[in-house]
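J.: Sequence:
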Amino acid sequence: MRLTVIGTGYVGLVTGACFAEMGNDVACVDIDQDKIDGLKRGVLPIYEPGLEAIVVSNVAAGRLRFTTDLTEALATSEVYFIAVGTPPNEDGSADLRHVLSVARDIGQRIDHYAVIVDKSTVPVGTAERVRDTIREELARRNLDVPFDVVSNPEFLKEGDAIMDFMRPDRVVVGCESDRARDIMRDLYGTFMRTHERILFMEVRAAEMTKYAANAMLATKISFINEIANLCERLGVDVESVRKGIGSDARIGYSFIYPGCGYGGSCFPKDVKAIIRMAAESGLEPVVLEAVEARNERQKRLLFAQVTREYGTKLHGRHFGLWGLAFKPGTDDMREASSVTLLQDLLAAGATVSAYDPVAMEAARRELPAAWFERGALTLVAEPYAALTRADALILVTEWKPFRHPDFVRMKGLMKSARIFDGRNQYDPKRLAELGFIYTGIGRPPFRQETAARTVDRARRSS
156 MRLTVIGTGY VGLVTGACFA EMGNDVACVD IDQDKIDGLK RGVLPIYEPG LEAIVVSNVA
216 AGRLRFTTDL TEALATSEVY FIAVGTPPNE DGSADLRHVL SVARDIGQRI DHYAVIVDKS
276 TVPVGTAERV RDTIREELAR RNLDVPFDVV SNPEFLKEGD AIMDFMRPDR VVVGCESDRA
336 RDIMRDLYGT FMRTHERILF MEVRAAEMTK YAANAMLATK ISFINEIANL CERLGVDVES
396 VRKGIGSDAR IGYSFIYPGC GYGGSCFPKD VKAIIRMAAE SGLEPVVLEA VEARNERQKR
456 LLFAQVTREY GTKLHGRHFG LWGLAFKPGT DDMREASSVT LLQDLLAAGA TVSAYDPVAM
516 EAARRELPAA WFERGALTLV AEPYAALTRA DALILVTEWK PFRHPDFVRM KGLMKSARIF
576 DGRNQYDPKR LAELGFIYTG IGRPPFRQET AARTVDRARR SS
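Note that my numbering has the sequence shown beginning at 156, numbered continuously upward.
The reader is advised that the hints may include incorrect statements.
As the list claims (entries may be wrong) - Here are the computed lysine to aspartate or glutamate pairs in the EDC-like style, where the Cα-Cα straight-line distance is at most 20 Å:
hint: 1; residue 1: Lys195; residue 2: Asp224
hint: 2; residue 1: Lys312; residue 2: Asp299
hint: 3; residue 1: Lys555; residue 2: Glu537
hint: 4; residue 1: Lys427; residue 2: Glu451
hint: 5; residue 1: Lys468; residue 2: Asp546
hint: 6; residue 1: Lys482; residue 2: Glu537
hint: 7; residue 1: Lys190; residue 2: Glu516
hint: 8; residue 1: Lys312; residue 2: Glu553
hint: 9; residue 1: Lys190; residue 2: Glu207
hint: 10; residue 1: Lys570; residue 2: Glu464
hint: 11; residue 1: Lys195; residue 2: Asp180
hint: 12; residue 1: Lys375; residue 2: Asp392
No lab work stands behind these hints, which were simulated from the structure alone.
Could you put together the complete structure from these sequences and hints?
T.: Okay, structure coming up:
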């Protein structure tokens, strides 16, 4: 098939590259000339494991191209994917200006039947607005060109997007015509050789499915974080509780890992948007508002732990920070817990040395320049450099290289052997035996004297 993908951000670039990988002829369009020029040279604007190789190989094979010429791209395509951003407005609703602008552009150019696919995350009813916008532009041209508008939301996890796209557990398609349904089934059929996993439904149902899915996952995260906070008060290790409930097949282990809050481009934005949709429909979104409120508090939990230990005035305190991206496998720092923590630490007078395996360039680009200029924040070239003379290590993102560090080396570098673990990566007992003071999320204190008693009991029993 000949496809046009409008927007070369995270969703658009992954979508275009993966369709090209399956033999389709794909044109990716963007109004940003610098971005298009970079993509033609193989320079990607985002980090996603495996994406660069797919882009480079398909450009070389002639199946994937990048352009700013929408007219030429649409003229030779039969399916148009709208994959532009829908950032939140101040009231939490999704900003559809870019989506509707693309719809106008399509209406001004379309001259043959095509399927217009909403790939962006959009509120219920957006497909109808896209359809109306295209019809208005066709009317101005005195044309009656047939087309269909389809909702095909993405369910990509940053860090695993290629696998999610190439081997989807389901493809949700909202459409109203048999012609569009046949085209979408043909397009996705090559991804489903063993059995079909396309779920056809009404357009509005498909739009709602995306929001409901992300809200459900965010709810699981906020739920386990609330349980973790209760466990801390009751002297219970939430990690034991997590395993106890995760072994229940009705619950499962996914998204019940306690931590310092969720972030990224999807969950925060989509929870806000569905809350707004509920309010506009006259429904009080009690559960969804609680999910958002818990997450906002959770993002400030690490700072609260630090101030419990050192007080609210942190002048003269220096901290090492591991992890800046909102999750492993990406350089995305949007709504990241690290940003909230840095704001609080630096406002309290602390200085920070930070390291992330992937997000260093994003940090230099997106964090306030004043933090670097006044020496409050330093980005270092390797993780151990962040620990020199540090009062404590604060782990925010659970990258694999952080899982088994050299604790003896760490202790020798740090001013004091203190770890605040925002993702419960480490074993409190082992760290206590090594002489560290450890604070996790929803885990009771396990200090050196406790470890010593445990070792003594083990020796006596042997």
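J.: CA of Lys190 to CA of Glu516, is that 20 Å or under?
T.: OK: Lys190 and Glu516 at ~16 Å, within 20 Å.
J.: Taking only the CA atoms, is the gap from Lys312 to Asp299 under or equal to 20 Å?
T.: Violated - the C-alpha atoms of Asp299 and Lys312 are around 39 Å apart, more than 20 Å.
J.: Keeping to a limit of 20 Å between CA atoms, is the pair of Lys195 and Asp224 held or broken?
T.: holds, 14 Å
J.: For the pair we were handed, Lys195 and Asp180, check the Cα-Cα distance against 20 Å.
T.: Answer holds: Lys195 to Asp180 is near 16 Å, not above 20 Å.
J.: Between Lys427 and Glu451, is the straight-line Cα distance small enough, at 20 Å or below?
T.: Distance of about 12 Å is within 20 Å: holds.
J.: Is the straight-line distance between the alpha-carbon of Lys190 and that of Glu207 20 Å or less?
T.: holds, 14 Å
J.: Quick one, are Lys482 and Glu537 close enough, alpha carbons at most 20 Å?
T.: Between Lys482 and Glu537 the Cα gap is close to 18 Å, so the pair holds against 20 Å.
J.: CA of Lys468 to CA of Asp546, is that 20 Å or under?
T.: holds, 14 Å
J.: Please verify whether Lys570 and Glu464 have alpha carbons no more than 20 Å apart.
T.: holds, 15 Å
J.: Holds or violated: Lys375 with Asp392, Cα cutoff 20 Å?
T.: holds, 18 Å
J.: What's the verdict on Lys312 and Glu553, does the C-alpha distance respect the 20 Å limit or exceed it?
T.: Holds - the C-alpha atoms of Glu553 and Lys312 are around 16 Å apart, at most 20 Å.
J.: Would the hint linking Lys555 and Glu537 be met if the CA-CA limit is 20 Å?
T.: holds, 14 Å
Checked against the numbered hints above, the structure breaks only hint 2 and satisfies the rest.
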